[in-house]
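> Sequence:
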Amino acid sequence: MPSSTRASGTGSALAGPAALAGAPVAAPALARPWPWYVDVWAQMLRRKPLGVAGGVIVLVMLAAALGADVLSPYGYAETSLRERLQSTSAAHWLGTDQLGRDLLTRIVYGARISLYVGFGAIALGSLLATILGVGTAYFGGRVDLWVQRGVDAWMAFPALLLLMTILSLLGPSVLNITLVLGVAFGIQNSRIIRGVALTIKEHTYVEGARALGSGHVRVTATHILPNVLPTIIVVATTGLSTVILTEASLSFLGLGVPPPYPTWGGMLSLAGLDHMYQAPWMAIWPAVALSLAVFGFNMLGDALRDLLDPRLRGG
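Heads up: the sequence shown begins at 0 in numbering that gives the first Met the number 0, then just goes up one per residue.
By construction, these hints were calculated from the structure, which means they are not laboratory data.
Model, not experiment: these values are computed from the prediction.
Fair warning: there could be bad hints in the mix.
[What the hints assert, rightly or not] Simulated restraints on C-beta separations:
1. 122 x 62: 17 to 23 Å
2. 164 x 209: 39 to 45 Å
3. 144 x 61: 39 to 45 Å
Positions of the beta carbon are idealized from the N, C-alpha and C atoms, including for glycine.
Build the full structure now, drawing on both the sequences and the hints.
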């Protein structure tokens, strides 16, 4: 018995390391193979149905704007006085205006203008807001003091009145509207990014990076900017609807893109008001398109804010 026990114990002792050496070792847990933004969209599909609806509206709007030349058989300035002020028909799904132009075609081309101005102004404004917000928060002192007093002075004036004044001096055009709206968006939203950057600046890892000899550019680009990026995305997405609505307001007041190129605000302005009772569809359909665009960007921005903001993830 003792010998057999000893033999079995020796055999198990000899077999143990061999078995361990031949056994497959469990691989360490790997990171997810997809990027973070795919995870954000997956969470939106599960938790934010209104955000998904807003995203669908935005995608349809983008597709219509990009494919306007293919979707409509008419030109946006193509007139036909024999077909003026016609209601919905097989040839003109949304009717025609006072010059016989197809209303659906003009709305689709108006979406192109709204998106061009919106995305251009948001890109310029986000860049300006990031430079002002992160720069003043990081350096502080007199730089922060003087820049923020300038922001206070800008925000002291009524926004629409200030934009009308600037555009009346520069003249209405797509480029001027995009630049003016972008600068206004950047100055107003630099406060939000500055507040987030001030919080991140006080973290220990930022102080550790400085202690290790990292320069200002490296600390800002490596440690502060990536943590501010979710806030920039949320501010940009929610600001798109405001920029589109402001562009429509300026076009309604006659300071938008000059005719004959169609804009939703311009379609609601003179022709829509003059023919409101005779042809109500001239004002109804541009208003519906503008409302859907604002709703889509607002819902998408709210959903992204809830998913990207760490303070709201548990809500």
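> With respect to the beta-carbon atoms only, verify the hint that residue 164 and residue 209 lie 39 to 45 Å apart.
44 Å, holds
> Is it true that the C-beta distance of residue 122 to residue 62 lies inside 17 to 23 Å, as the hint says?
Holds: the Cβ-Cβ distance is about 20 Å, inside 17 to 23 Å.
> Are residue 144 and residue 61 spaced within 39 to 45 Å by their CB atoms?
42 Å, holds
In terms of the numbered hints stated before, the structure departs from none.
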